[in-house]
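My request is simple: use the sequences and hints to build the entire structure.
First to last, the protein sequences are chains A and B.
Position in the first sequence counted from 1, then plus 889, gives you the numbering used here.
Position in the second sequence counted from 1, then plus 168, gives you the numbering used here.
Calculated directly from the structure, the hints in this document are not laboratory data.
All of these numbers come straight from a predicted model, not from anything done at the bench.
No residue lacks a Cβ here, since even glycine has one placed at the ideal position from N, Cα and C.
Interface residues of chain B toward chain A, partial, derived using beta-carbon atoms under 10 angstroms:
hint : residue
1    : L421
2    : I423
3    : E424
4    : R476
5    : E570
Quick list of the computed label-pair ranges, beta carbon to beta carbon:
hint : chain 1 : residue 1 : chain 2 : residue 2 : range
6    : B       : Q580      : A       : P895      : 22 to 32 angstroms
7    : A       : L939      : B       : Q580      : 24 to 34 angstroms
8    : A       : R915      : B       : R193      : 52 to 62 angstroms
9    : A       : S947      : B       : R193      : 49 to 59 angstroms
10   : B       : G579      : A       : S947      : 20 to 30 angstroms
11   : A       : S947      : B       : W235      : 32 to 42 angstroms
12   : A       : R915      : B       : R301      : 32 to 42 angstroms
13   : A       : G949      : B       : Q274      : 52 to 62 angstroms
14   : B       : L586      : A       : D901      : 19 to 29 angstroms
15   : B       : D297      : A       : R972      : 36 to 46 angstroms
16   : B       : N304      : A       : L939      : 46 to 56 angstroms
17   : A       : L939      : B       : E434      : 37 to 47 angstroms
18   : A       : C897      : B       : G579      : 30 to 40 angstroms
19   : A       : R915      : B       : L479      : 30 to 40 angstroms
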Amino acid sequence: MLISCPHCGPRDLAEFTYQGDATRTRPDLASTDTAAWHAYVYERPNPAGLHREYWQHSGGCRSHLLVVRDTVSHEIASAKFARKAREMIG
Amino acid sequence: MAEYSALSLLKNAFSGNRGWKPAWRKASPKPAYDVIVVGGGGHGLATAYYLAAEHGIRKVAVLEKGWLGSGNIGRNTTIVRSNYLLPESIRFYDHSVKLWENLSHQLNYNVMFSQRGVLNLAHSPAQVDDYIRRGNAMRHEGGDGIWLSPAQIARYAPGVDVSSSARFPVVGGLLQPRAGTARHDAVAWGYARAADRLGVDIIENCEVTGFLRDGDEITGVATSRGDIRGKKVAVAVAGSTGRVMKLAGIENLPIESHVLQAFVSESIKPFVDCVVTFGAGHLYMSQSDKGGLVFGGSLDLYNSYAQRGNLPLVEEVMSEITAMFPAVAKLRLLRSWGGVMDMSMDGSPIITKGPLPGMYLNCGWCYGGFKATPASGYSFAWTIAKDEPHPINAPFTLSRFERGVIIDEKGQGPTPKLH
Ligand SMILES: Cc1cc2nc3c(=O)[nH]c(=O)nc-3n(C[C@H](O)[C@H](O)[C@H](O)COP(=O)(O)OP(=O)(O)OC[C@H]3O[C@@H](n4cnc5c(N)ncnc54)[C@H](O)[C@@H]3O)c2cc1C
Ligand SMILES: [Zn+2]
Numbered sequence: 890m891l892i893s894c895p896h897c898g899p900r901d902l903a904e905f906t907y908q909g910d911a912t913r914t915r916p917d918l919a920s921t922d923t924a925a926w927h928a929y930v931y932e933r934p935n936p937a938g939l940h941r942e943y944w945q946h947s948g949g950c951r952s953h954l955l956v957v958r959d960t961v962s963h964e965i966a967s968a969k970f971a972r973k974a975r976e977m978i979g
Numbered sequence: 169m170a171e172y173s174a175l176s177l178l179k180n181a182f183s184g185n186r187g188w189k190p191a192w193r194k195a196s197p198k199p200a201y202d203v204i205v206v207g208g209g210g211h212g213l214a215t216a217y218y219l220a221a222e223h224g225i226r227k228v229a230v231l232e233k234g235w236l237g238s239g240n241i242g243r244n245t246t247i248v249r250s251n252y253l254l255p256e257s258i259r260f261y262d263h264s265v266k267l268w269e270n271l272s273h274q275l276n277y278n279v280m281f282s283q284r285g286v287l288n289l290a291h292s293p294a295q296v297d298d299y300i301r302r303g304n305a306m307r308h309e310g311g312d313g314i315w316l317s318p319a320q321i322a323r324y325a326p327g328v329d330v331s332s333s334a335r336f337p338v339v340g341g342l343l344q345p346r347a348g349t350a351r352h353d354a355v356a357w358g359y360a361r362a363a364d365r366l367g368v369d370i371i372e373n374c375e376v377t378g379f380l381r382d383g384d385e386i387t388g389v390a391t392s393r394g395d396i397r398g399k400k401v402a403v404a405v406a407g408s409t410g411r412v413m414k415l416a417g418i419e420n421l422p423i424e425s426h427v428l429q430a431f432v433s434e435s436i437k438p439f440v441d442c443v444v445t446f447g448a449g450h451l452y453m454s455q456s457d458k459g460g461l462v463f464g465g466s467l468d469l470y471n472s473y474a475q476r477g478n479l480p481l482v483e484e485v486m487s488e489i490t491a492m493f494p495a496v497a498k499l500r501l502l503r504s505w506g507g508v509m510d511m512s513m514d515g516s517p518i519i520t521k522g523p524l525p526g527m528y529l530n531c532g533w534c535y536g537g538f539k540a541t542p543a544s545g546y547s548f549a550w551t552i553a554k555d556e557p558h559p560i561n562a563p564f565t566l567s568r569f570e571r572g573v574i575i576d577e578k579g580q581g582p583t584p585k586l587h
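This is how it looks when you write it as structure tokens:
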């Protein structure tokens, strides 16, 4: 697997650390809605297909990335800086 | 049906082994069953067997999308153990070991359960404390945990590097003598044969493509071989849990699918006669009866439904096995493969009624569902037959995450790849 880091270009999987599912948004820290917290902490869509997930280029520029990757073919659809991508999603 | 005995072996040996009959019928789907089990892996087959054998429920179909043994039951590294820390886990897995001890007799099929011992090597003072604590927890529940010093390890498993010049010197080890290995395919075949003889229909090449419903209630399944009605539908599809439950509209389970790779070396003379795990990394290894070293390490550590992994993990596993057993460095690798694992949020399984009416769910096996096969089938069958859990699976609910009563052996928290 090669991931195209927006800063460094295509790099080997070994340089990256997987940081998991990026489909969830943390509830407001003041929230006491247990269902919302349960969904955030424990529930995962776990799709067979395109998955939105965080990676860190830990063995390179150390950027945090938001990657869209196919969990069946391991093909990478996109890789962006996490903060910018999150801002775009809102 | 094939009967296995010393006499039948002898008879067939003299008649060129042409007298054997298939171990199970090639059943075609009937329109309706009392229980439909989705998934013909170890757990689905064991569930069907115990439904028939323990509860007299014989109108049962096991639906398997491929062939028996094509999933993780045929891909694992065959380790059976109950060396856990938490009482819920010890009770469940020790029940399983007890069922393993009598399984070949019960099924009249040799599953080659070999209680060769599982030895966990410790490499640091913290690990020593941790392992001794776990051993004591096992003993407290009536199990068998024994602490070995490096000198005792050198005698018990001679290939292990216990010298002080090892990259991660071994300072002791926790041994479970009753643990060991079994022949994984034989477990699938043995349960299939025994269930078949009790009237269970085992239907291969039959993929579940949807669920039949009456409102919220599940009333059967749509399959590649037509619709089949079932009073109860039990899902035991391990790594495919996300895909199959999505067909029922459920996409929020506390599960992630990850790929785990395993490896086997070329055959060598007897080298190690127990299962050894390397505590300075993540590695487990045993020697098969054919002589190959069978071993594996961590997940590839990213979500995956592909039954294959990537190279970085291969390199990591190889560096660990050569650190533990320097003598294997020149061995050639025969094969490697991957299987899709249903990693749960607390590292423990889910065996429960629901989440929809008429449905039962068995999943979340992480690295260790092979050893659980008998207890999983036994307690899942109980849950399906009686509509309430057996005491050994009662803690393994789906609602435990909401209620905050998770069963997290290592205290890793809700990061599936770490369990
Ligand atoms: C490399 C590796 C090493 C492992 N090592 C060990 C070990 O040493 N010890 C241990 O205890 N555990 C180990 N495990 C874990 C263990 O193998 C699994 O937890 C266990 O086998 C899962 O249960 P199962 O046997 O029922 O799964 P499977 O055999 O995977 O059964 C599920 C079945 O469901 C079928 N299915 C899926 N979708 C559908 C559908 N839509 N319709 C019909 N059928 C469907 C699949 O084809 C499959 O046959 C290992 C796993 C792997 C991958
Ligand atoms: Zn980079």
